[in-house]
Amino acid sequence: KECKIERARRVKEAEMKDLERKRVLDKMQAMKAEKKSVQGEHEATAQYLKDLQPACVEGDSTYEKRKQARTDEIDALTAAQGLLQSAFEEKAPASFLQQG
Numbered sequence: 003k004e005c006k007i008e009r010a011r012r013v014k015e016a017e018m019k020d021l022e023r024k025r026v027l028d029k030m031q032a033m034k035a036e037k038k039s040v041q042g043e044h045e046a047t048a049q050y051l052k053d054l055q056p057a058c059v060e061g062d063s064t065y066e067k068r069k070q071a072r073t074d075e076i077d078a079l080t081a082a083q084g085l086l087q088s089a090f091e092e093k094a095p096a097s098f099l100q101q102g
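The sequence shown begins at 3 in the working numbering and counts up one residue at a time.
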């Protein structure tokens, strides 16, 4: 009788170990797939950083020069907008009279 009990215990233990092995193998496969995905993302990010290096770090213009260029551009656009608005304001009454 003890042999049957011991045999049943060992069979059950073997089944449990087999299930645990399958679970570990599935987890390992999932981790391998995730690792591949993360490696691909890392490589893409590294390439992007490498592409940005010349323009952002090794570029010949400093932050101050770029900031001044943007300020000059905004000033020029504001002046152009003012000229256009004043040009249309002066011509609006004349064109209105011509249409009537």
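I should point out that these hints are in silico values taken from the structure, not numbers from a laboratory.
All of these numbers come straight from a predicted model, not from anything done at the bench.
Backbone N, C-alpha and C define an ideal beta-carbon position, used for all residues, glycine too.
Hints may contain errors.
Said to hold, decoys possible - Derived DEER-like restraints, expressed as beta-carbon distance ranges:
{"id": "1", "residue 1": "S39", "residue 2": "A16", "range": "27 to 37 angstroms"}
{"id": "2", "residue 1": "G84", "residue 2": "C58", "range": "27 to 37 angstroms"}
{"id": "3", "residue 1": "Q31", "residue 2": "I76", "range": "34 to 44 angstroms"}
{"id": "4", "residue 1": "L27", "residue 2": "L54", "range": "37 to 47 angstroms"}
Results for each hint:
| no. | hint | in the structure |
| --- | --- | --- |
| 1 | S39 x A16: 27 to 37 angstroms | holds, 35 angstroms |
| 2 | G84 x C58: 27 to 37 angstroms | holds, 34 angstroms |
| 3 | Q31 x I76: 34 to 44 angstroms | violated, 56 angstroms |
| 4 | L27 x L54: 37 to 47 angstroms | holds, 41 angstroms |
Going down the numbered hints, you'll see the structure goes against just number 3.
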